[in-house]
Each structure stands twice: as C-alpha cells, then as structure tokens.
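S.K.: Read off the chains here:
Protein chains: 2
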Amino acid sequence: MEGTEPVAKKKTLTLPRPALGDNRSHEKRLRDSLSGLYSQPLSLPLETAKRLPNVLKTSGFEIDVVTVSHDCGWDIADIAPKQGIEGVYGLGIDLGSTSVVFYLVDLEKGRISRTVSLENPQRRHGEDILDRIIFAGRGGLGTLQREVIELINMATLTLCKDEGITPASIYYSTIAGNTTMCHFLLALDPSHICKEPYIPTVNTFDLLRPDQLGININPQGYIYVLPNVGSYFGGDLLAGILSSEMSKREEISLLVDVGTNAEVVLGNKDWLVACAGAAGPALEGGILSCGMRAKEGAIERIKISPQDLSIQYSTIGNMPPKGLCGSAIIDLLAEMFKSGLVDPTGKLIPDKDPERMRQIQGEWAYVVADKTETKDGNPVYITQSDIKNLIRSKGAMYTILNVVIQSVGIDFDDIENFFVAGAFGNYIDPEQAITIGMLPDIPLERFKALGNSAGQGAVKVLLDRHGRKELQQICERITYLEMNVRGDFMNQLSGALFLPHTDISRFPTVKRKLGL
Amino acid sequence: MEGTEPVAKKKTLTLPRPALGDNRSHEKRLRDSLSGLYSQPLSLPLETAKRLPNVLKTSGFEIDVVTVSHDCGWDIADIAPKQGIEGVYGLGIDLGSTSVVFYLVDLEKGRISRTVSLENPQRRHGEDILDRIIFAGRGGLGTLQREVIELINMATLTLCKDEGITPASIYYSTIAGNTTMCHFLLALDPSHICKEPYIPTVNTFDLLRPDQLGININPQGYIYVLPNVGSYFGGDLLAGILSSEMSKREEISLLVDVGTNAEVVLGNKDWLVACAGAAGPALEGGILSCGMRAKEGAIERIKISPQDLSIQYSTIGNMPPKGLCGSAIIDLLAEMFKSGLVDPTGKLIPDKDPERMRQIQGEWAYVVADKTETKDGNPVYITQSDIKNLIRSKGAMYTILNVVIQSVGIDFDDIENFFVAGAFGNYIDPEQAITIGMLPDIPLERFKALGNSAGQGAVKVLLDRHGRKELQQICERITYLEMNVRGDFMNQLSGALFLPHTDISRFPTVKRKLGL
Numbered sequence: 159m160e161g162t163e164p165v166a167k168k169k170t171l172t173l174p175r176p177a178l179g180d181n182r183s184h185e186k187r188l189r190d191s192l193s194g195l196y197s198q199p200l201s202l203p204l205e206t207a208k209r210l211p212n213v214l215k216t217s218g219f220e221i222d223v224v225t226v227s228h229d230c231g232w233d234i235a236d237i238a239p240k241q242g243i244e245g246v247y248g249l250g251i252d253l254g255s256t257s258v259v260f261y262l263v264d265l266e267k268g269r270i271s272r273t274v275s276l277e278n279p280q281r282r283h284g285e286d287i288l289d290r291i292i293f294a295g296r297g298g299l300g301t302l303q304r305e306v307i308e309l310i311n312m313a314t315l316t317l318c319k320d321e322g323i324t325p326a327s328i329y330y331s332t333i334a335g336n337t338t339m340c341h342f343l344l345a346l347d348p349s350h351i352c353k354e355p356y357i358p359t360v361n362t363f364d365l366l367r368p369d370q371l372g373i374n375i376n377p378q379g380y381i382y383v384l385p386n387v388g389s390y391f392g393g394d395l396l397a398g399i400l401s402s403e404m405s406k407r408e409e410i411s412l413l414v415d416v417g418t419n420a421e422v423v424l425g426n427k428d429w430l431v432a433c434a435g436a437a438g439p440a441l442e443g444g445i446l447s448c449g450m451r452a453k454e455g456a457i458e459r460i461k462i463s464p465q466d467l468s469i470q471y472s473t474i475g476n477m478p479p480k481g482l483c484g485s486a487i488i489d490l491l492a493e494m495f496k497s498g499l500v501d502p503t504g505k506l507i508p509d510k511d512p513e514r515m516r517q518i519q520g521e522w523a524y525v526v527a528d529k530t531e532t533k534d535g536n537p538v539y540i541t542q543s544d545i546k547n548l549i550r551s552k553g554a555m556y557t558i559l560n561v562v563i564q565s566v567g568i569d570f571d572d573i574e575n576f577f578v579a580g581a582f583g584n585y586i587d588p589e590q591a592i593t594i595g596m597l598p599d600i601p602l603e604r605f606k607a608l609g610n611s612a613g614q615g616a617v618k619v620l621l622d623r624h625g626r627k628e629l630q631q632i633c634e635r636i637t638y639l640e641m642n643v644r645g646d647f648m649n650q651l652s653g654a655l656f657l658p659h660t661d662i663s664r665f666p667t668v669k670r671k672l673g674l
Numbered sequence: 159m160e161g162t163e164p165v166a167k168k169k170t171l172t173l174p175r176p177a178l179g180d181n182r183s184h185e186k187r188l189r190d191s192l193s194g195l196y197s198q199p200l201s202l203p204l205e206t207a208k209r210l211p212n213v214l215k216t217s218g219f220e221i222d223v224v225t226v227s228h229d230c231g232w233d234i235a236d237i238a239p240k241q242g243i244e245g246v247y248g249l250g251i252d253l254g255s256t257s258v259v260f261y262l263v264d265l266e267k268g269r270i271s272r273t274v275s276l277e278n279p280q281r282r283h284g285e286d287i288l289d290r291i292i293f294a295g296r297g298g299l300g301t302l303q304r305e306v307i308e309l310i311n312m313a314t315l316t317l318c319k320d321e322g323i324t325p326a327s328i329y330y331s332t333i334a335g336n337t338t339m340c341h342f343l344l345a346l347d348p349s350h351i352c353k354e355p356y357i358p359t360v361n362t363f364d365l366l367r368p369d370q371l372g373i374n375i376n377p378q379g380y381i382y383v384l385p386n387v388g389s390y391f392g393g394d395l396l397a398g399i400l401s402s403e404m405s406k407r408e409e410i411s412l413l414v415d416v417g418t419n420a421e422v423v424l425g426n427k428d429w430l431v432a433c434a435g436a437a438g439p440a441l442e443g444g445i446l447s448c449g450m451r452a453k454e455g456a457i458e459r460i461k462i463s464p465q466d467l468s469i470q471y472s473t474i475g476n477m478p479p480k481g482l483c484g485s486a487i488i489d490l491l492a493e494m495f496k497s498g499l500v501d502p503t504g505k506l507i508p509d510k511d512p513e514r515m516r517q518i519q520g521e522w523a524y525v526v527a528d529k530t531e532t533k534d535g536n537p538v539y540i541t542q543s544d545i546k547n548l549i550r551s552k553g554a555m556y557t558i559l560n561v562v563i564q565s566v567g568i569d570f571d572d573i574e575n576f577f578v579a580g581a582f583g584n585y586i587d588p589e590q591a592i593t594i595g596m597l598p599d600i601p602l603e604r605f606k607a608l609g610n611s612a613g614q615g616a617v618k619v620l621l622d623r624h625g626r627k628e629l630q631q632i633c634e635r636i637t638y639l640e641m642n643v644r645g646d647f648m649n650q651l652s653g654a655l656f657l658p659h660t661d662i663s664r665f666p667t668v669k670r671k672l673g674l
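The listed protein sequences correspond, in order, to chains A and B. Our numbering applies: residue 159 is where the first sequence begins, and numbers increase by one. Our numbering applies: residue 159 is where the second sequence begins, and numbers increase by one.
Chain A with its partners taken away, still in its complex shape (with noise of 0.2 angstroms):
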C-alpha cells in the first residue's frame, strides 16, 4: 500500500493572516493555502464554509483540514484548529449474506486498525438469499435495509469505542457486497435478479453521501458501494479481482469464490473473462445431513488410513465433533474415495468397512464420529444421497472453470494462479479437491488463498484512492458468460460427476495416486 494516497486524509496548515493588502475570502485563503498540495479541484462544502470564520478566529489561523476525494476532486470536509482532528479513519465493511467483517481503517497510519465480524441481522428472514428476495417483495425492502444500516451503525459505535474516537473520525466507508446485497443496503428493487434474464437494478452505483443512508460517520463524509458486474458476479468478487491484482498481472490468473454459486473470473492485464454459474449448497455443508457452519465444534480436517481406514479428525476449537464443515466434506470424499470407501460414480461400498458403513434413515451411510464421540450424542455421518449431491456440486464446480477456460481457448496448465476467495477458500485443501475432481489438476504452489478477499478490497479502496477508479475500469474491461444460456455446460456435466472424472487423463496425480 505504500506510494498510494487514501480517500482522506489530514493536513495542517498556517494561513497567511488577512490584510488591507490582502483582504481574500476566508473561503480563497484557505484553497490557495491548499491548491499546491492538491492538483484537482477543491470544494467547500457548505457546512465546513459556516465554521470556517470562527475556527480560524480561535486558532490563530492555525488549522488541521481533513479533505476527502470523490469524482472530481476533493472536499474540504472537515477543519479544526491545529491538533484538534482526532483521527482520519475508513470504514471497509464486507456485506455478507451470513456475517458481515467491518475493519476500522487508520487512513494515517495506513492500516487496519480494528475489526469485527457480525451476523446478519437478515438471516432471519432467510438464510437463502432467495427466501430474502421473496421477503423483498412482500413489502420487505425497507426492513431489509434498516437491519443492515443498524448493523452497520452499532459495529461503527463499538469500533469507535474501542478505538477511543467518535464516528465523526469516519470519513469514507466502502462496502462490498453480492448484487442482492447490495440493493437490500439500498432499498434498489431486487425481484428481477433472480428472474430470467437476470437483471439488477444498478450495477454502478454513485458515491452516496451518509445521511442518504442514515449511516452514522461523519456527514461529510462518503458512501461507496462497490459496483456490480451482473446479477450473480457482486462487488465482492470485484473486491477480490483488486485484492488479488489479477488484472494488472503479465500472467494468466483465475479467481473462483466457492459457494453455493460459484463465481469465477480469468485473464490477466490485457483481458477478463467471468461467469457464474450454481454449484449448489452442499459444498459450504448446507444441505448435507450432518453439515454445519465453520463453527467450534465443525469437523474441519479428516485422515484416513488407506491400510487400516481408521479415521483423523480435527474440529475447530478442538471441541467434541458437531458435525462436518466444508473443507472436511471435501477431504472426506477425497479420502474415501482413495480407500475405496466410494466407486468412482460417487457409490458407497458397505463391504468395505461394515463397522462404519450403517443403513441410517432407509439408506447407506458412512460414520465418522460415533455417538459416544460427539457433543450432542448423534453421529457425524455422510449418507448417499449427500455424497450425490457433494459430487453434483463439485461436478458443476469444475464444469464452470472448464468452461471458461475453454471460451478463451487455453488450458488449465496456463493458469500462474489459481487464487480461491471467501472464508470458505481459506480451509479448502486444493489437493483434497483436486482428488474428487472438483478443481483442476495443476501445480499445487499455484492455488492461494486469497482469505476475506471481499474485506481486503474494501479496505484497499479505502487506502488507494485511485482503486475506485481502477474498480470501474475493471468492470468495464470484463466479459460475461452467462453460464445460463450456454449449452455446454449442460453437454460437459455429465463427464465431471464421476470421481474425479470420466476422462481420468485430466487428473494424471490423482491417476498416479490411485495406482492406476
């Protein structure tokens, strides 16, 4: 971050004292104090304007003068006598579904300085965006949006308190969020996002002005909402292509947030591709049996010995098992299918470990904690039907990135990075995917995980002021498939739900692996 300049920052300033010999405006003294200092054009709100006489006044001409940039210049937002600015901080806020990461940035220092992470108040209304959708439309919009300016306001409140600064000391926040997400914040119509064709309301939006929203940081301050691309690609993955730089690198690069949607994007400086497309909830846990949130207690990690299928396992908070995370169901197929657990057509094969295989509600399932092991006294499990569903949405997990790449007409091996986003990303184990087929089979040094990369794009906005502009053009430069319409995703599906894949020549480690 450094050599760049944030959204706001503070100056202090001597002005030359008024004179029969130079009788200037308090207004014009104080812009040519700062016009050399600043090579685009300056504004004076109205209400820095009205304090303006009486600062100077009791400062003895003495000032600090925080400004903040916006589309044309900067505003002179705010003014003290010297030494009597408390602080310039950002707000960077990743607009989740399910929580929503707020960081408390010190424009200053150029660092984060507080965070903390919250539930969506939302959730209520559905943990499906789709059931908030409906919500939406039933006369809900409103209410959606008060949650989250709520929400937004009390982790500004306790931030500040920890901080030891009142919310005036906020001059910027920028938020990142899905499309849905982002026209809940705005009370925008979102009926027609989850309606063929697809459309979002506002894909770019303004900067906004705090009271406009009812957000509580300094009114003189800014609002801006990262922009969208389409109704399925949102500023948060737009946050992570800026996070990743991906779209200033010589080399070929992918990003993909993994989800119940997956959203992938591919190319390099001179080009972007995009597309998302539904991968189905079973790969964050949701629909699974025993799924769970990465919580204390979720299974995170699972072993299993090839020669004597005894299991490992490892929960967050090394807490008696709950149930099983993302990153553990993903080694978990992994691992049965390399012990022989599961055929490649995703079916459990009760013969191999009768101790652990169990007809539980009228079906075959595999047990990884039993009773006696867990919090609750049930056992952790995975039945059939979830593992056919694990391998649908891995399946359409790699059918998404196969497709993409095949529209620019390269191979997987011409991926340099291959950077994961979401919280989800963090934990997955590329070579646990890799096994089942659900990601490609490249270089393992080529996947890194990009964290909160949604959170790390805000915050770099917040810090280069010129990312708002660099976010637009990104958004202007990318291309995008709508997986919807396009045939061949349907056509190459059906190859991808075999573990790893009907063409096993795609996986050559996963076929050295398995000593075929």
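It is worth saying that the hints were derived from the structure and are not from the lab. Treat each hint with caution, since some may be false.
[What the hints assert, rightly or not] What follows is a set of in silico ranges between Cβ atoms, one per label pair, in the way DEER data are often shown:
1. A/T256 x B/R209: 28 to 34 angstroms
2. A/G231 x B/T660: 53 to 59 angstroms
3. A/R209 x B/I292: 35 to 41 angstroms
4. A/K529 x B/R209: 54 to 60 angstroms
5. A/D180 x B/R670: 42 to 48 angstroms
6. A/Q631 x B/I292: 53 to 59 angstroms
7. B/D180 x A/T530: 58 to 64 angstroms
[As the list claims (entries may be wrong)] Which chain B residues stay away from chain A? Per the calculated CB distances, all over 10 angstroms, these:
8. A326
9. D534
10. I662
11. S663
[What the hints assert, rightly or not] Here are the simulated SDA-like cross-link-like pairs (lysine to any residue), alpha carbons at most 20 angstroms apart as the crow flies:
12. A/K208 x B/R367
13. B/K529 x B/S468
14. A/K353 x B/P176
15. B/K461 x B/M477
16. B/K453 x B/I323
17. A/K510 x A/S497
18. B/K319 x B/E244
19. A/K208 x B/S271
20. A/K208 x B/I292
21. A/K353 x B/P174
22. A/K505 x A/R516
23. B/K208 x A/G298
24. B/K215 x A/R296
25. B/K208 x A/I307
26. B/K461 x B/P478
27. B/K208 x A/G297
28. B/K167 x B/S271
29. B/K627 x A/L200
30. A/K461 x A/S497
31. A/K496 x A/M515
32. B/K215 x A/E354
33. A/K215 x B/E354
34. A/K168 x A/S257
35. A/K167 x A/E244
36. B/K168 x B/I323
37. B/K627 x A/P199
38. A/K240 x A/A326
39. B/K167 x B/R272
40. B/K208 x A/R296
Remember, predicted model here, so these are calculated numbers, not experimental data. Think of the CB as a built atom: it goes at the ideal place given N, C-alpha and C, for glycine as much as any other residue.
Knowing the structure of chain A, use the given hints to seat chain B on it.
M.R.: Relative to the frame of chain A, chain B by itself:
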C-alpha cells in the same frame, strides 16, 4: 442564447428490453442509451435509481429523462414514462437588498416564461445593509436566512401556479446577489465584510442541493449562487459582466453599477480590472430632503428652460409628485447648473429665481413642485445641503472611474462601451450625468443601460451550462483594486467636487453647452 445548452434538459428514449442475451442492469441500460448523447460522465442518483424498475415496467421502456449538469458531468435527475415530465424549468433570482426579482425560465423553450419582483422582507431589519449585518451579529443571521428562503419558496409557488406546473419541474436555481446578501442566504458569517480589512467568509460557493437550504424545487436539482470577487464586488455585478459579454469583446468596455457603492469593471477579453468605492447614498435619492425610490409619484425627469427658468417634470405613473428619484436628481442638478441656478461650486444663487428659491429649515432651497401641485400638500425641493451631498457623491463616482482608467493607463475615450447596470442605471440620462461631471464626457451612443443585469446574468447561466465556468474564469481574471487603500482617490476627489470639474477641459461638450 441559440446554440447554447441549458443546465437541465429532457430526452425521450426507447430502451431495448432485457433479454437473456442482453441482461444489463436497468441502470446500465439507461446509461448506455444516454451515453451517445453526452460527452461527460452521467450519474444516477439513488432516488432516481429506486424509481427506475417501476418506470420501465409501466412505460413499456419508453421514457422521458431529465438530466442536470454539475461540476463533472450530468445527473439523471428525473425519469418518467414518456410524456410524464410536465416541463423543465430553471429559476433565476436577482437577490437585491431592496427587491428580489424572480425569473421562471422554460429551459426547453430557452426563454423567460414568467417573472415577479417582491420586496426583500429583510428590510424590516434595516434599509441599509449594514444594519442587517449588525442584526446578524446579534443572533439574527438565521432569521435573515429564513426570511429570504421563505420569500424564494413563496415566489416559486406563485410562479409555478401561474405557469400551471409544480415546483418539482424546476431543476436548477441561479442566485445573483451582492456579497452580503449571499452570506445572509447561506447563513455565513457576514461580520468581517464591513470591517477592515473587509473579508467575506466565502467568495466561490459550491453547488448546493435544494434541501441544504430548504428551497422547494426538485430535490435532485441544484442551487448555484454566483460567486463574489470581494466584499464590495458581488455576484450581481459578475452577472452583469456575463450579461454584457464585455469579458469576451475585443474592444474595451466599462461597466458601472451606480448606487450607494459604485462598482466598476473595466476591460476586454484580455484583461479585467475592477474596483468598488463608496459614492454615498445621495445619487439614489436616499438621504436627500425630498428623495424617494423610483415608484409611483416620484419625479423622474426634469427640464428647466434657460430662458424663463420654467420647470417641466414628469412623474412615474403620471401621479401628482411626491418626491425626487435618482434620475430626477441628476436631471435637476444638471438643469440648475446650465440655467445658472447653482454655480460651479454647487452654491445656490437665490437671486436668479427668487420665486422658487426659499429658506427652508434654515437654509436655501430650490422648489421643484409647489405644495399646490403635490399630493400630500408638501413642496418638493432640493436644499443647499442636498446639493453638497449630491456633488460629493457624483464626485466620488467620477473619481472612482478615473482612478480605474488611470490604473491601466488609458483614457475615457478608449472606452467603446460604457455599460450602466442596475435598475437605477436604466433611468439615468447620460447627457445630464455628464453635465454635472458624474460620468465622463464621451460620445452618448457609447452609454448602454443594461437593465437588470444581475437577473439577466442569472438567467443566462440557466440557459448556458458553460456560464458557470465562464463566471469562474471571470473571477479569476479580475484584478481587484482596493479603493480604500489607494491614496490617489483622495487626491483626485477634490477636483471632482465642482460642476462639472475644476478641469473643464475634461468636459468639452459641457464647456460648449455653457458657451465657455
């Protein structure tokens, strides 16, 4: 005004309907349809965006769009189904300390549609603007602001009602006033305007939103307050420069606003020099025994026969006379001088017309209309003291003009256009003003009354969106001479306290007229 582009305009568009092969957001669809028509960036304010889905749905994608220009592009300020926009109007305001004149401008037709002039309610706090500054300093600033904004809203309602539109059809308002009036309007501290070294709080105002001031026009529109150059050189005069186009002309022009303060601009397309100085209120009739504003019953023209010294006068509205307005006062002094009723020092010659020369309140006076002729039975006259005051004012005016032309090393003869601004300027007879030595002795055809140039300038900015930039450039080009700090003013003034001047060679036509 032909060939110029107004600050707000309406377009009728047919947007392509969404389809699987064209799933741009509503916002992008609208922007793309407009972008060919605009070379500058287009913004979509949140309030417009919110209405977009419904307007598109109900209109069958045939819509009217109103765009409003601002510092760095255009706002899509309004949308409606085709033919759903009732009009696109602007409101030009000449914010005078006595009267406020409103111009409702039809921006589609490019012309003033209606106009109304209302008394400034701030007058209750003092006819003299200094009294209002004192009132502001005693906690009255908010009251002064509220009064003028209520007046604007009342006038807006009246004009809209007469025009058959709602205030939402007004998308832009331009306001030209002197520096102090602008400070009252925006509730900016005016206290340093009238105290050495005469510092305004703000000269150049940012574009404002109507709700920042509580002005009831379309909330997505803008308010533009014309900039000031200094404490005694306001937006009203800049509007006059714009209206006269003197800053674009090859030849040298001089613009003067004759009043209590004489405000002068001299220059051409290459250079502009300005100054302002106190001429005293006598020229406007303010402090004279029988002076009055130019309204019904005011004597406006006077002739005295050199032969028999008989008087002919005309009054506004052909009513019985009540007093003398500014133009009559200049006429009167000139006629009296030519007839020998006053000598070159301004001394009355009672023997010349014993009938009309009388002692009134302990000094000599000359009676213009006897009590039998007047409405209230009081005579209309001018006293020796009145003439003294008048000569001091006309002398100050001439001296200011002379200092300005000397500062750039030219003669009065070099001035091709002599613009006289302000309502008062409309009524001055230049020949009479030359006779008393108030205006320089140049060919009469070079004098041009500008009428309400402040209002005209405000209207011009509505009809030509480049007007704002032009005004800003004029501000930056003007060299302002501070009359208060120039010794030559006082040195030259004494020569101008004669009729027409101690150096009669400066007034050759007057010399001829007097038969010298």
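S.K.: Each hint: holds or not?
M.R.: Evaluated hints:
Against the hinted window of 28 to 34 angstroms, the Cβ-Cβ separation of A/T256 and B/R209 comes to about 31 angstroms, which satisfies the hint. Checked against the hint of 53 to 59 angstroms, the C-beta distance between A/G231 and B/T660 comes to roughly 54 angstroms, which is consistent with it. Checked against the hint of 35 to 41 angstroms, the C-beta distance between A/R209 and B/I292 comes to roughly 22 angstroms, which is inconsistent with it. One distance hint, 54 to 60 angstroms for the beta-carbon pair A/K529 and B/R209, holds here, with the actual separation near 58 angstroms.
About 47 angstroms separates the C-beta atoms of A/D180 and B/R670, a value consistent with the hinted range of 42 to 48 angstroms. Distance hint check for A/Q631 and B/I292: the Cβ-Cβ separation is about 56 angstroms, which falls inside the suggested range of 53 to 59 angstroms. In this structure, B/D180 and A/T530 meet the distance hint of 58 to 64 angstroms, their C-beta atoms being roughly 59 angstroms apart. A cut-off of 10 angstroms between C-beta atoms confirms that B/A326 is not in contact with chain A; the least separation is 19 angstroms.
Its beta-carbon lying about 46 angstroms from the closest one in chain A, B/D534 satisfies the requirement of being farther than 10 angstroms from that chain. Every beta carbon of chain A lies more than 10 angstroms from that of B/I662, the smallest distance being close to 35 angstroms; the non-interface claim holds. For B/S663, the non-interface assignment is confirmed: its Cβ lies about 35 angstroms from the closest Cβ of chain A, beyond the 10 angstroms cut-off. Between A/K208 and B/R367, the direct Cα distance comes to roughly 16 angstroms. Compliance with the 20 angstroms bound is thereby established for this hinted pair.
Between B/K529 and B/S468, the direct Cα distance comes to roughly 16 angstroms. Compliance with the 20 angstroms bound is thereby established for this hinted pair. For the hint linking A/K353 to B/P176, the alpha-carbon distance of about 11 angstroms falls within 20 angstroms, and the restraint holds. Note on B/K461 and B/M477: the hinted pairing holds, with a Cα-Cα distance of about 18 angstroms set against a maximum of 20 angstroms. Among the hinted pairs, B/K453 with B/I323 is inconsistent with the structure: their alpha-carbon atoms are about 32 angstroms apart, more than 20 angstroms.
Of the pairs offered as hints, the one joining A/K510 and A/S497 holds, with about 9 angstroms between alpha carbons and a cut-off of 20 angstroms not exceeded. Taken as a hint, the B/K319 and B/E244 pair is honoured in the structure, with Cα atoms around 13 angstroms apart against an allowance of 20 angstroms. Using a Cα cut-off of 20 angstroms, the hinted pair A/K208 and B/S271 is violated, with the two alpha carbons roughly 35 angstroms apart. With a C-alpha separation of about 18 angstroms, the suggested pair A/K208 and B/I292 falls inside the 20 angstroms cut-off, and the hint holds.
For the suggested pair A/K353 and B/P174, the alpha carbons sit about 18 angstroms apart, so the restraint of at most 20 angstroms is met. Distance check on the hinted pair: A/K505 and A/R516 sit about 14 angstroms apart at the alpha-carbon level, within 20 angstroms; holds. Between B/K208 and A/G298, the direct Cα distance comes to roughly 15 angstroms. Compliance with the 20 angstroms bound is thereby established for this hinted pair. At most 20 angstroms may separate the alpha-carbon atoms for a hinted pair to count; B/K215 and A/R296 meet this at roughly 18 angstroms.
With a CA separation close to 17 angstroms, the supplied pair B/K208 and A/I307 stays within the 20 angstroms bound. A C-alpha spacing of about 17 angstroms is found between B/K461 and B/P478, which places the hinted pair at or below 20 angstroms, so the restraint holds. In summary, the hint linking B/K208 to A/G297 is supported, as the alpha carbons are separated by about 14 angstroms, within the 20 angstroms threshold. At most 20 angstroms may separate the alpha-carbon atoms for a hinted pair to count; B/K167 and B/S271 meet this at roughly 16 angstroms.
The suggested pairing of B/K627 with A/L200 holds, with an alpha-carbon distance near 15 angstroms, which does not exceed 20 angstroms. Restraint check for A/K461 and A/S497: satisfied, since their Cα atoms lie roughly 10 angstroms apart, inside the 20 angstroms limit. Under the criterion of a C-alpha separation no larger than 20 angstroms, the hint pairing A/K496 with A/M515 is consistent with the structure, at around 16 angstroms. With a C-alpha separation of about 15 angstroms, the suggested pair B/K215 and A/E354 falls inside the 20 angstroms cut-off, and the hint holds.
Distance hint between A/K215 and B/E354 is fulfilled; the C-alpha atoms sit about 15 angstroms from each other, no more than 20 angstroms. This hinted pair does not check out: A/K168 and A/S257 have alpha carbons roughly 32 angstroms apart, beyond 20 angstroms. Our distance criterion of 20 angstroms between C-alpha atoms is met by A/K167 and A/E244, whose separation comes to about 12 angstroms. For the hint pairing B/K168 with B/I323, the CA-to-CA distance comes to about 16 angstroms; that is within 20 angstroms, so the pair holds.
Between B/K627 and A/P199 the alpha-carbon distance is near 13 angstroms, which keeps this suggested pair within the 20 angstroms criterion. At roughly 17 angstroms between alpha-carbon atoms, A/K240 and A/A326 fall within 20 angstroms of each other, so this suggested pair holds. The hinted pair formed by B/K167 and B/R272 meets the criterion: a straight-line CA distance of about 19 angstroms does not exceed 20 angstroms. About 16 angstroms separates the Cα atoms of B/K208 and A/R296, which keeps this hinted pair within 20 angstroms; it holds.
Going through the hint list in order, the structure does not satisfy hints 3, 16, 19 and 34.
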